[in-house]
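*Asks:* Fit chain B to the given chain A structure using the hints.
Now for the letters of each chain:
Number of protein chains: 2
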Amino acid sequence: LAGLTAGIASVQTLWLVNGHRTGLDPSDRGVAYGDGLFETMAALDGRVRYLDYHFERLEDGCRRLAIPPPDAAAVRQEIQSHCPLRGRAVVKLIVTRGPGARGYGPPPSAQPTRILSISEWPARPAAHYTRGIRVRVCDLRLGDAPALAGLKHLSRLEQVLAAKELAEHGDAEQGLVLDTRGHVVGGTSTNVFCVRDGALATPALTRNGVRGVMRRVVIETAEKIGVGAVERDLTLDELHAADELFMTNALIGIWPVAKLGEARFAVGRVTLDLIRRLGCSDA
Amino acid sequence: LAGLTAGIASVQTLWLVNGHRTGLDPSDRGVAYGDGLFETMAALDGRVRYLDYHFERLEDGCRRLAIPPPDAAAVRQEIQSHCPLRGRAVVKLIVTRGPGARGYGPPPSAQPTRILSISEWPARPAAHYTRGIRVRVCDLRLGDAPALAGLKHLSRLEQVLAAKELAEHGDAEQGLVLDTRGHVVGGTSTNVFCVRDGALATPALTRNGVRGVMRRVVIETAEKIGVGAVERDLTLDELHAADELFMTNALIGIWPVAKLGEARFAVGRVTLDLIRRLGCSDA
Numbered sequence: 111l112a113g114l115t116a117g118i119a120s121v122q123t124l125w126l127v128n129g130h131r132t133g134l135d136p137s138d139r140g141v142a143y144g145d146g147l148f149e150t151m152a153a154l155d156g157r158v159r160y161l162d163y164h165f166e167r168l169e170d171g172c173r174r175l176a177i178p179p180p181d182a183a184a185v186r187q188e189i190q191s192h193c194p195l196r197g198r199a200v201v202k203l204i205v206t207r208g209p210g211a212r213g214y215g216p217p218p219s220a221q222p223t224r225i226l227s228i229s230e231w232p233a234r235p236a237a238h239y240t241r242g243i244r245v246r247v248c249d250l251r252l253g254d255a256p257a258l259a260g261l262k263h264l265s266r267l268e269q270v271l272a273a274k275e276l277a278e279h280g281d282a283e284q285g286l287v288l289d290t291r292g293h294v295v296g297g298t299s300t301n302v303f304c305v306r307d308g309a310l311a312t313p314a315l316t317r318n319g320v321r322g323v324m325r326r327v328v329i330e331t332a333e334k335i336g337v338g339a340v341e342r343d344l345t346l347d348e349l350h351a352a353d354e355l356f357m358t359n360a361l362i363g364i365w366p367v368a369k370l371g372e373a374r375f376a377v378g379r380v381t382l383d384l385i386r387r388l389g390c391s392d393a
Numbered sequence: 111l112a113g114l115t116a117g118i119a120s121v122q123t124l125w126l127v128n129g130h131r132t133g134l135d136p137s138d139r140g141v142a143y144g145d146g147l148f149e150t151m152a153a154l155d156g157r158v159r160y161l162d163y164h165f166e167r168l169e170d171g172c173r174r175l176a177i178p179p180p181d182a183a184a185v186r187q188e189i190q191s192h193c194p195l196r197g198r199a200v201v202k203l204i205v206t207r208g209p210g211a212r213g214y215g216p217p218p219s220a221q222p223t224r225i226l227s228i229s230e231w232p233a234r235p236a237a238h239y240t241r242g243i244r245v246r247v248c249d250l251r252l253g254d255a256p257a258l259a260g261l262k263h264l265s266r267l268e269q270v271l272a273a274k275e276l277a278e279h280g281d282a283e284q285g286l287v288l289d290t291r292g293h294v295v296g297g298t299s300t301n302v303f304c305v306r307d308g309a310l311a312t313p314a315l316t317r318n319g320v321r322g323v324m325r326r327v328v329i330e331t332a333e334k335i336g337v338g339a340v341e342r343d344l345t346l347d348e349l350h351a352a353d354e355l356f357m358t359n360a361l362i363g364i365w366p367v368a369k370l371g372e373a374r375f376a377v378g379r380v381t382l383d384l385i386r387r388l389g390c391s392d393a
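Listed in order, the protein sequences are those of chains A and B. The first sequence begins at 111 in the numbering used here and counts up by one. The second sequence begins at 111 in the numbering used here and counts up by one.
If you are wondering where the hints come from, they were derived from the structure by calculation, not from laboratory data. It is possible that some hints are incorrect.
[To be verified] Some chain B residues flagged as far from chain A (calculated, every beta-carbon gap over 12 Å): (1) L161; (2) P218; (3) V247; (4) L258.
[Said to hold, decoys possible] Footprint (simulated), chain A over chain B, 3 or more residues, beta carbon under 8 Å: (5) 202-210; (6) 221-232; (7) 289-301; (8) 328-337; (9) 341-353.
All C-beta atoms, glycine included, are put in the ideal place defined by N, C-alpha and C.
Next up, chain A with everything else stripped away, as it sits in the complex:
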């Protein structure tokens, strides 16, 4: 995010459960079953970037899971009240189906729980934006979960294992995750785009994966500037054959990929143009 140099003061992590500095009910279905959704958002000087898109995705997810969505105005107000007015912060919002009795079946009238956390935005090396990152192809294969495809839900144990694999090898900034069919899903905490002959392609995420807010912003921006962007199945071979590769999420913005496994990529024209237009640089 352009000009997002280190915040004035470091951010003390804050946790609010339904607006209160309190613990979570241990019967909450968030912990019992991963039964909920979350959003991770970038804030600068008290304003959350793409807040409307985050709310849209959250509300769409709530509809799909039949969780009553939180009152958007109240959550906006809560963020406003607690987000540092100067500098950068990460705003994370979790919405669970709330407390429940034992058993997978949701209670007939759920009382959702809202967990808001505001924490330090970790600094990223400028070179990740200018020279690109290293990406490891993870051994872990992600399953299909068509009922959950695209959602940023709380049942994320596979992503935890992929991130663990990445950390154990310690030779890359992101892992690339394929599914059991050999299709590309995305990075361990990012979406992936490839550029071929000047046009973008990104996995369709109809069977798994998270439809990232930054992914949406990139697709919309590409359309506006006349660069094609298609959502479809992609193989690892297609990524290797790409002219440019980059990865996105709401916090980092856009990271060019310099290395995928042993293959090297130049930071390309389309990627740099998007980084410039979207102001996605810590540098």
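*Replies:* Okay, now just chain B, sitting in the frame of chain A:
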């Protein structure tokens, strides 16, 4: 469980977080990412049935997820101290990777959280054991998640949606869940067995599903009494062609299936023999 008539007194639900009647840290990775495991156990007169098997599965899961396992002796002591000495109760143990910073990657030295709950054992109609249950074939298709196959982990949102579908139709006691390849995974909160020509078969659960403790007990018992029991891929057609069908979990024990979709099944000899031997009847 034989002779498990209603408990002397109703059980007031108890929640202990790391041994204390307190709330859960909202930064716990259990709620953030479904990053943990659980066991649901049947207790009678202060003793948990198949406790060793539950601990074995939990410890195996902890190994696979690289979560330090809880001290078994301490947990046994905690259960002993709080389980009602008379009557029946449900003992549920959740182990999460504990609190963590934002991000999928596990902290290098996790401090796991242990949540113990002791609650009322819901009474089940005797007819479920004697006449069998109705099973609905769920529309929801379960994905593959080979990295998590067999584990009773906390990322259970697909099971929540399957249970929701079952409850909305209200025409069956269990849902049968197939995966995206059309293979049988199990019931919404049970494992499934079919009997053909006197031998048992149950899904192998190498790509998804939970390896239930009662499933293990049934397989071991079948072997002891000279009934074959194979773990393999099963299709819905094979279930329809079975002589007998039944479903299992640690609380209900064994429920014969009387109806699968529109197909009717008799409560068979092998099923009744297992129910008798394992004392799995509320009746």
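*Asks:* Hints first: check each against the structure and report whether it holds.
*Replies:* Against the structure, the hints:
1. For L161(B), the non-interface assignment is confirmed: its Cβ lies about 18 Å from the closest Cβ of chain A, beyond the 12 Å cut-off.
2. Under the 12 Å C-beta cut-off, the non-interface status given to P218(B) relative to chain A is violated; the minimum distance is some 8 Å.
3. The claim that V247(B) is not at the interface with chain A holds, since no C-beta of that chain comes within 12 Å of its own (minimum 15 Å).
4. Once the 12 Å rule is applied to beta carbons, L258(B) is inconsistent with being away from chain A; the minimum gap is 6 Å.
5. Proximity of the segment 202-210 of chain B to chain A, defined as three or more residues with a beta carbon under 8 Å from a beta carbon of that chain, is established by the 4 residues found.
6. Counting residues of the segment 221-232 of chain B whose CB lies closer than 8 Å to any CB of chain A gives 3, so the stated coverage by that chain holds, three being the minimum.
7. Coverage of a stretch by a chain is defined here by at least three residues with a beta carbon nearer than 8 Å to that chain's beta carbons; for the segment 289-301 of chain B and chain A the count is 3, and the condition holds.
8. Only residues whose beta carbon comes within less than 8 Å of a beta carbon in chain A count, and the segment 328-337 of chain B has 0; fewer than three means the coverage is violated.
9. Proximity of the segment 341-353 of chain B to chain A, defined as three or more residues with a beta carbon under 8 Å from a beta carbon of that chain, is not established by the 0 residues found.
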